[in-house]
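Engineer: First to last, the protein sequences are chains B and H. Per UniProt numbering, the first sequence runs over residues 1 to 413. Per UniProt numbering, the second sequence runs over residues 1 to 413.
Don't read these hints as lab results, they were simulated from the structure. Keep in mind that this is a model prediction, so the values were computed, not measured. There could be a bad hint or two in this list.
Claimed, not checked - Each computed DSS-like pair below joins lysine-lysine, with the alpha-carbon atoms no more than 27 Å apart:
{"#": "1", "chain 1": "H", "residue 1": "K100", "chain 2": "B", "residue 2": "K79"}
{"#": "2", "chain 1": "H", "residue 1": "K79", "chain 2": "B", "residue 2": "K208"}
{"#": "3", "chain 1": "H", "residue 1": "K234", "chain 2": "H", "residue 2": "K245"}
{"#": "4", "chain 1": "H", "residue 1": "K365", "chain 2": "B", "residue 2": "K208"}
{"#": "5", "chain 1": "B", "residue 1": "K27", "chain 2": "H", "residue 2": "K208"}
{"#": "6", "chain 1": "H", "residue 1": "K27", "chain 2": "B", "residue 2": "K100"}
{"#": "7", "chain 1": "H", "residue 1": "K73", "chain 2": "B", "residue 2": "K245"}
{"#": "8", "chain 1": "B", "residue 1": "K365", "chain 2": "H", "residue 2": "K100"}
{"#": "9", "chain 1": "H", "residue 1": "K100", "chain 2": "B", "residue 2": "K73"}
{"#": "10", "chain 1": "B", "residue 1": "K195", "chain 2": "H", "residue 2": "K73"}
{"#": "11", "chain 1": "H", "residue 1": "K27", "chain 2": "B", "residue 2": "K195"}
{"#": "12", "chain 1": "B", "residue 1": "K234", "chain 2": "H", "residue 2": "K245"}
{"#": "13", "chain 1": "B", "residue 1": "K73", "chain 2": "H", "residue 2": "K73"}
{"#": "14", "chain 1": "B", "residue 1": "K245", "chain 2": "B", "residue 2": "K265"}
{"#": "15", "chain 1": "B", "residue 1": "K144", "chain 2": "B", "residue 2": "K100"}
{"#": "16", "chain 1": "H", "residue 1": "K169", "chain 2": "H", "residue 2": "K195"}
{"#": "17", "chain 1": "B", "residue 1": "K27", "chain 2": "B", "residue 2": "K195"}
{"#": "18", "chain 1": "H", "residue 1": "K234", "chain 2": "B", "residue 2": "K79"}
{"#": "19", "chain 1": "H", "residue 1": "K265", "chain 2": "B", "residue 2": "K2"}
{"#": "20", "chain 1": "H", "residue 1": "K144", "chain 2": "H", "residue 2": "K195"}
{"#": "21", "chain 1": "H", "residue 1": "K2", "chain 2": "H", "residue 2": "K79"}
{"#": "22", "chain 1": "B", "residue 1": "K73", "chain 2": "H", "residue 2": "K144"}
{"#": "23", "chain 1": "H", "residue 1": "K79", "chain 2": "B", "residue 2": "K73"}
{"#": "24", "chain 1": "B", "residue 1": "K195", "chain 2": "H", "residue 2": "K208"}
{"#": "25", "chain 1": "B", "residue 1": "K100", "chain 2": "H", "residue 2": "K365"}
{"#": "26", "chain 1": "B", "residue 1": "K73", "chain 2": "H", "residue 2": "K2"}
Stated by the list, open to error - Coverage of chain H stretches by chain B, computed from C-beta distances (three or more under 8 Å per stretch; other residues unrestricted):
{"#": "27", "stretch": "4 to 12"}
{"#": "28", "stretch": "169 to 175"}
{"#": "29", "stretch": "224 to 236"}
{"#": "30", "stretch": "327 to 333"}
{"#": "31", "stretch": "404 to 412"}
Quick reminder that beta carbons are idealized off the backbone N, C-alpha and C, glycines included.
2 protein chains.
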Amino acid sequence: MKATIITIGDEILIGQIVDTNSVSIAKHLNAAGIVVHEKVSIGDDSTQIVRSVERALGDSNVVVITGGLGPTKDDITKKTLAGMFGCELVPDQRVADHVKRMLEGRGIEFNELNRGQAMVPACCTVLFNAHGTAPGMWFERDGKVVVSLPGVPYEMEHLMQDEVMPRLKAHFELRQIIHRTMITAGLPESMLAAKIEAWENALPSYLKLAYLPNPGAVRLRLSAYEVEGESVSKEIERQFEALRKIIPHNIIGYETATMQELVHKLLTERGLTLATAESCTGGNIAARFTAMPGASAYFLCGVVSYSNASKHDILGVDPEVIARHGAVSEEVARRMAEGARRISGADYAIATTGIAGPAGGSAEKPVGTVWIAVATPHRTTAILKQCGSDRGQIIDRASAFAISLLRDELNGK
Amino acid sequence: MKATIITIGDEILIGQIVDTNSVSIAKHLNAAGIVVHEKVSIGDDSTQIVRSVERALGDSNVVVITGGLGPTKDDITKKTLAGMFGCELVPDQRVADHVKRMLEGRGIEFNELNRGQAMVPACCTVLFNAHGTAPGMWFERDGKVVVSLPGVPYEMEHLMQDEVMPRLKAHFELRQIIHRTMITAGLPESMLAAKIEAWENALPSYLKLAYLPNPGAVRLRLSAYEVEGESVSKEIERQFEALRKIIPHNIIGYETATMQELVHKLLTERGLTLATAESCTGGNIAARFTAMPGASAYFLCGVVSYSNASKHDILGVDPEVIARHGAVSEEVARRMAEGARRISGADYAIATTGIAGPAGGSAEKPVGTVWIAVATPHRTTAILKQCGSDRGQIIDRASAFAISLLRDELNGK
Numbered sequence: 001m002k003a004t005i006i007t008i009g010d011e012i013l014i015g016q017i018v019d020t021n022s023v024s025i026a027k028h029l030n031a032a033g034i035v036v037h038e039k040v041s042i043g044d045d046s047t048q049i050v051r052s053v054e055r056a057l058g059d060s061n062v063v064v065i066t067g068g069l070g071p072t073k074d075d076i077t078k079k080t081l082a083g084m085f086g087c088e089l090v091p092d093q094r095v096a097d098h099v100k101r102m103l104e105g106r107g108i109e110f111n112e113l114n115r116g117q118a119m120v121p122a123c124c125t126v127l128f129n130a131h132g133t134a135p136g137m138w139f140e141r142d143g144k145v146v147v148s149l150p151g152v153p154y155e156m157e158h159l160m161q162d163e164v165m166p167r168l169k170a171h172f173e174l175r176q177i178i179h180r181t182m183i184t185a186g187l188p189e190s191m192l193a194a195k196i197e198a199w200e201n202a203l204p205s206y207l208k209l210a211y212l213p214n215p216g217a218v219r220l221r222l223s224a225y226e227v228e229g230e231s232v233s234k235e236i237e238r239q240f241e242a243l244r245k246i247i248p249h250n251i252i253g254y255e256t257a258t259m260q261e262l263v264h265k266l267l268t269e270r271g272l273t274l275a276t277a278e279s280c281t282g283g284n285i286a287a288r289f290t291a292m293p294g295a296s297a298y299f300l301c302g303v304v305s306y307s308n309a310s311k312h313d314i315l316g317v318d319p320e321v322i323a324r325h326g327a328v329s330e331e332v333a334r335r336m337a338e339g340a341r342r343i344s345g346a347d348y349a350i351a352t353t354g355i356a357g358p359a360g361g362s363a364e365k366p367v368g369t370v371w372i373a374v375a376t377p378h379r380t381t382a383i384l385k386q387c388g389s390d391r392g393q394i395i396d397r398a399s400a401f402a403i404s405l406l407r408d409e410l411n412g413k
Numbered sequence: 001m002k003a004t005i006i007t008i009g010d011e012i013l014i015g016q017i018v019d020t021n022s023v024s025i026a027k028h029l030n031a032a033g034i035v036v037h038e039k040v041s042i043g044d045d046s047t048q049i050v051r052s053v054e055r056a057l058g059d060s061n062v063v064v065i066t067g068g069l070g071p072t073k074d075d076i077t078k079k080t081l082a083g084m085f086g087c088e089l090v091p092d093q094r095v096a097d098h099v100k101r102m103l104e105g106r107g108i109e110f111n112e113l114n115r116g117q118a119m120v121p122a123c124c125t126v127l128f129n130a131h132g133t134a135p136g137m138w139f140e141r142d143g144k145v146v147v148s149l150p151g152v153p154y155e156m157e158h159l160m161q162d163e164v165m166p167r168l169k170a171h172f173e174l175r176q177i178i179h180r181t182m183i184t185a186g187l188p189e190s191m192l193a194a195k196i197e198a199w200e201n202a203l204p205s206y207l208k209l210a211y212l213p214n215p216g217a218v219r220l221r222l223s224a225y226e227v228e229g230e231s232v233s234k235e236i237e238r239q240f241e242a243l244r245k246i247i248p249h250n251i252i253g254y255e256t257a258t259m260q261e262l263v264h265k266l267l268t269e270r271g272l273t274l275a276t277a278e279s280c281t282g283g284n285i286a287a288r289f290t291a292m293p294g295a296s297a298y299f300l301c302g303v304v305s306y307s308n309a310s311k312h313d314i315l316g317v318d319p320e321v322i323a324r325h326g327a328v329s330e331e332v333a334r335r336m337a338e339g340a341r342r343i344s345g346a347d348y349a350i351a352t353t354g355i356a357g358p359a360g361g362s363a364e365k366p367v368g369t370v371w372i373a374v375a376t377p378h379r380t381t382a383i384l385k386q387c388g389s390d391r392g393q394i395i396d397r398a399s400a401f402a403i404s405l406l407r408d409e410l411n412g413k
C-alpha cells in the first residue's frame, strides 16, 4: 500500500517554515504498514494542487494533504478539492456550532470568514477537528483515498491519530513495515562499512540496510516493507546478533534513541540525578533532557552561566581561575561541573564552556573551541572538542559531545 | 526562473529525520530571484531519482538535489546521475587528495569506499566540498542546470553559498523576488482578515498576501515574484504604511523576526541585561536567546530550577511559599523571576513554572497550566496561560508567551 504526502503553502517553498507535518504523517503511515512513496510540497495554487493530487493518485492508494484550510483568501485547498471531486460546498451545522463555541471561549466574534470554515464539500466525509476551527476531509475515488488536513501541527496530529489512521486501517488490508536501527559509535562510516561488508552482502534481499551518520555515531537501519511482521522481526534480531559479534565494542543502543534518551534511561533506571552548567551551549543540554517526559525524576537543575560573574556567583568558580586560564579552559569547565554538582547535590553534572561565535575567536582559541567536563561521584573528566564553525552547529555538537561524555562516565569508560 | 528541490533518502520518507536542507536551499534560491516551484522527497531508488529529475527538468530551469552521496552501498545518487547524463565515473585527483587529508586529520585510514568518493561523473563540473568528503556536482542540459549536493546540512550549506549560488547568478539572468512580512498581535486571524479586507482587495495583482498564524501573533507576508526590485519594494512600503493606519495598535515588527529576535534587538539597543529562571520550559528560553549571535552582551545567566530544592537554593524561593501555593503558582513564578534578577544583577528576568506533562496534572492544575512572570526594575508581572496538551507544544508555547510578556514590559505596556 503506497502513500503520497502533499504539503501546501507558499511559506514552505520560500523557506519561511520547516515542514514537520510530513514527518509526523510519515511516521503514522509507516507504523500502520503504508509505504510513503513520495513527499511533495507545493504553493497555494489551484492548478498545481489538482495536478499534484491527480499525479499522486496515479502512484499511490492514499494521498494525505496538509495546509491551505485557514479562513483567509490565500487558503484555497478546500475549494480546489471540492472542484476536483465535482461537488458543492455545503454548510455543516456540527462544524459551525463547534467553531462558534471555540471562538466564544477566546472572546472572538463569529464572522463571515468563520462561516466559510463551516462549509464543507458535499462529497467528503468530514473529519471532526476537536482542537481547531478547520475540519479535515476524507474523499474517496475508485477505492483510493484523499485526506485533507489543516496545517497547524497539533490539529493535524490529533486528526491523523484519532480520525485518519483508524479509517485507513478499516479501509485497506495492510501488511507491516519493520524498521530496526542499531546505533554504533567509534567507527567512522567508511571504516564501519568496510568492517561489516561480508555481513551486509549476505543480508536477505528483503532487508534494506541504511547508514545514517551523526556527530559521534553511525546508525544502521534495517528496513523491510510490507511483510509478515513477526518472522521478519525475528530475522532482523538474528542479523543484529550476528553483527554484534563483528563489532562488539561499537554498539551503544538500538532504535532511533538519541544520546539523551539513552542517558535518560540510564539515570532513570539507576535512580541517579543530574545537573548542568552551560556556557556556550546556552541551555540546550538542559532543554534536551527536560523535553523528555519523566526528566523531573533525575534532572535537578541547570545553570546557564553566560557571564563570568554568574560562573562565580552561582557555581562558585574562582575569578582568579577565570583570569588566569580564560573562561574557555579546561580548568573552568572542571570547576563549573564540580560547582553544579555541589550546589545541586546531583550525582552527575555536565559543563560546557566554549566559543560559539561568530565573534570571540582567537588564533589560540578559534570559534568552535569547546571544553566539556563531567563531574561524577568518583572524578571529574574534561575533553576539548572542535565543534565546527557555525553557531548553531557548534551548540548542537558541543551538546551532543557533552551528553556522550556523560554516557561514557555512566558506563564506567 | 523556476527551480525544483529534490531531497533523497529513505530516512525522510519514514519520518526518521526532519528535512531542513530544503528550507535552506529555498532561502538561497529565493534571495537570488529563483522561484521554487516544488519540493520533492524520494527514496534511495534509481528509477525514482531519474523519473523525478526528468520531471523537474520539464517544469524548472534549475534542479537542486541533496542526499545519497555517502560512501556506502545505500547511496546511489552519483551513479544514477552519471547514468542519466550518459557518462562514466572517473577518478578526481583533487578530491582524492582532499579526502585523504581529511581522514588523516581524524586518524582514519583511506579505504576502497573512500576511493569511490573521489570518483566523479566525467560530464559534470565538480563542486569542491571543503568541509566534507563528498563533492558536489553541476550538470547542464539544454541550458538547464542540475546540481547534486551532499545531505550533511553544513556541507550542503557551504556548497550552496560558495559554489552553487555564484554559478547560478552567472549562468542565468535573474530578476528579483521580494518578500516582506509584517508581524501583528492582538487580533486573531479571522478578525484581522475582516478588518483589513478592503485594503487586501485593493492590492495590486502582482502582490500576493499570505496570513501566517502563530501562537500569539499573525504574520502578514506580501510577496512579488520575478519583478524589478526597487519599485516593488517601494510599493510594498506604501501598502504597509496604509495598513499601519488601519491597525495601528497591532503591529509589533517586520520581517520573519521571531519574538526572541525582537527582544534581542530591544535589549541590545538599550544596553539592558536579562536572566531567566525556568521550570517547565527547561532551558528552552535560555537556549532561544543564546542561539543568537551577540546574546552574550545582555544574557547574564539562566537557571533551570527543576527541583523544588533548586528553586530555594539557587533562586531563594521560600520553601514555605512553595508548600503553601504549590510549585506551579503565581507566587512561585514571581519569586523565581525576582530571584533570578537578584542573583544575576540583570535588569530583567523571565520565569516559568508549569505542568509540561504527560504526568503531574490535576483537576485544578491540568497539564498545560503555566505561570509566567517577568521582573523588571519597576515591577513584577505574572500571567497564567493554558499552553496545550502535548509536552513539546507546552514548552514551546510557554516559552513564546514568556518572551512575549517580556517584550510587552520592555515596551511599557
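Engineer: So, for every hint listed, does it hold in this structure?
Structural biologist: Going down the list of hints, with the structure as the test:
Straight-line distance between C-alpha atoms of H:K100 and B:K79 comes to about 57 Å, which puts the hinted pair past the 27 Å bound. Between H:K79 and B:K208 the alpha-carbon distance is near 18 Å, which keeps this suggested pair within the 27 Å criterion. Only pairs whose Cα atoms come within 27 Å are accepted, and H:K234 paired with H:K245 is accepted, the gap being roughly 17 Å. At roughly 48 Å between alpha-carbon atoms, H:K365 and B:K208 are farther apart than 27 Å, so this suggested pair is violated.
Pair hint B:K27 plus H:K208 does not hold up; C-alpha atoms about 34 Å apart against a cutoff of 27 Å. A hinted pair counts as satisfied when its Cα atoms are at most 27 Å apart, and H:K27 with B:K100 does not qualify at roughly 38 Å. Our distance criterion of 27 Å between C-alpha atoms is met by H:K73 and B:K245, whose separation comes to about 22 Å. Using a Cα cut-off of 27 Å, the hinted pair B:K365 and H:K100 holds, with the two alpha carbons roughly 26 Å apart.
At roughly 56 Å between alpha-carbon atoms, H:K100 and B:K73 are farther apart than 27 Å, so this suggested pair is violated. At roughly 13 Å between alpha-carbon atoms, B:K195 and H:K73 fall within 27 Å of each other, so this suggested pair holds. Among the hinted pairs, H:K27 with B:K195 is inconsistent with the structure: their alpha-carbon atoms are about 40 Å apart, more than 27 Å. At roughly 68 Å between alpha-carbon atoms, B:K234 and H:K245 are farther apart than 27 Å, so this suggested pair is violated.
Proposed proximity of B:K73 and H:K73 is contradicted: the alpha carbons are some 48 Å apart, above 27 Å. The hinted pair formed by B:K245 and B:K265 meets the criterion: a straight-line CA distance of about 25 Å does not exceed 27 Å. Only pairs whose Cα atoms come within 27 Å are accepted, and B:K144 paired with B:K100 is rejected, the gap being roughly 33 Å. Proximity of H:K169 to H:K195 is assessed by CA-CA distance (about 41 Å); at most 27 Å being required, the pair is judged violated.
Note on B:K27 and B:K195: the hinted pairing is violated, with a Cα-Cα distance of about 31 Å set against a maximum of 27 Å. A C-alpha spacing of about 33 Å is found between H:K234 and B:K79, which places the hinted pair above 27 Å, so the restraint is violated. Restraint check for H:K265 and B:K2: the C-alpha separation of about 48 Å exceeds 27 Å, so the hint is violated. As the CA atoms of H:K144 and H:K195 are separated by approximately 45 Å, the hinted pair breaks the 27 Å bound.
Distance check on the hinted pair: H:K2 and H:K79 sit about 26 Å apart at the alpha-carbon level, within 27 Å; holds. A C-alpha spacing of about 35 Å is found between B:K73 and H:K144, which places the hinted pair above 27 Å, so the restraint is violated. Proposed proximity of H:K79 and B:K73 is contradicted: the alpha carbons are some 45 Å apart, above 27 Å. A threshold of 27 Å between alpha carbons decides the hint, and for B:K195 with H:K208 the separation of about 55 Å lies outside it, so the pair is violated.
Under the criterion of a C-alpha separation no larger than 27 Å, the hint pairing B:K100 with H:K365 is consistent with the structure, at around 26 Å. Of the supplied pair hints, the one linking B:K73 and H:K2 holds, its CA atoms being roughly 25 Å apart against a limit of 27 Å. Against chain B, the stretch 4 to 12 of chain H contributes 3 residues with a C-beta closer than 8 Å to a partner C-beta. That satisfies the three-residue criterion, and the hint holds. Look at the stretch 169 to 175 of chain H against chain B: 0 of its residues bring a Cβ nearer than 8 Å to a Cβ of that chain, fewer than three, so the hint is violated.
With 0 residues bearing a CB less than 8 Å from a CB of chain B, the stretch 224 to 236 of chain H misses the requirement of three and the coverage assertion fails. With 0 residues having a beta carbon nearer than 8 Å to a beta carbon of chain B, the stretch 327 to 333 of chain H misses the requirement of three or more and the stated coverage is violated. For the stretch 404 to 412 of chain H, the assignment as covered by chain B is violated, since 0 residues bring a beta-carbon within under 8 Å of that chain's beta-carbons and 3 are needed.
When each numbered hint is compared with the structure, violations occur for hints 1, 4, 5, 6, 9, 11, 12, 13, 15, 16, 17, 18, 19, 20, 22, 23, 24, 28, 29, 30, 31.
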